[in-house]
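> Under full-length UniProt numbering, the residues of the sequence shown are numbered 1 to 177, in order.
Quick caveat, the hints were computed from the structure, so don't treat them as lab data.
What you are looking at is a predicted structure, and each value in this text was computed from that prediction instead of being measured.
All residues carry an ideal CB built from backbone N, CA and C; glycine is no exception.
Please note that the accuracy of each hint is not assured.
[Stated by the list, open to error] Computed beta-carbon distance windows for the label pairs:
# : residue 1 : residue 2 : range
1 : Ala93     : Asp172    : 45 to 53 Å
2 : Leu138    : Arg116    : 28 to 36 Å
3 : Val3      : Lys115    : 36 to 44 Å
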Amino acid sequence: MIVVIDNFMTSSAKYADILLPDLMTVEQEDIIPNDYAGNMGYLIFIQPATTPKFERKPIYWVLSEIARRLGDDVYQRFTEDRTQAQWLQYLYAKMQARDPALPAYDELKKMGIYKRKDPNGHFVAYKKFREDPQANPLKTPSGKIEIYSSKLAHIASTWELAEGDVISPLADLYPHL
Numbered sequence: 001m002i003v004v005i006d007n008f009m010t011s012s013a014k015y016a017d018i019l020l021p022d023l024m025t026v027e028q029e030d031i032i033p034n035d036y037a038g039n040m041g042y043l044i045f046i047q048p049a050t051t052p053k054f055e056r057k058p059i060y061w062v063l064s065e066i067a068r069r070l071g072d073d074v075y076q077r078f079t080e081d082r083t084q085a086q087w088l089q090y091l092y093a094k095m096q097a098r099d100p101a102l103p104a105y106d107e108l109k110k111m112g113i114y115k116r117k118d119p120n121g122h123f124v125a126y127k128k129f130r131e132d133p134q135a136n137p138l139k140t141p142s143g144k145i146e147i148y149s150s151k152l153a154h155i156a157s158t159w160e161l162a163e164g165d166v167i168s169p170l171a172d173l174y175p176h177l
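Please work from the sequences and hints to get the whole structure.
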């Protein structure tokens, strides 16, 4: 059985035996970090702009209810006695422990967006390679960025399924998947 929780009719949702709707980002609190797309890291504290429509529930609630029905021990291990909001606060506290310069949780919530420039300036991926590819080759057979990898092609063509492992029968049901 394939169960998918999503907001849209995605490719994977089309193959679902059971399709459950998730809440949209604008219907629940969350924190979105982004510090990998430039020299300005930021956090966005998302606050609901609208209420959930119909009978939709957050994915955390759905999975918590499944865990509850699987038994108290499963529920306890899954939730660790935390609600979705408490998990958000707990995980933010862990982030703050690694980066004490971050604002307090309630302060971030009030700010909405927290930005901070990278003190090291703009990050350039593979900077040394880009400046001098001959002197700084990559760890590939050619020393360059490879679109096709003969090494990976060889692994794929010689790979064998380990004894006792099985391949999902989905390939039989959906050969073009």
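> Hints broken by the structure, by number, lowest first?
none
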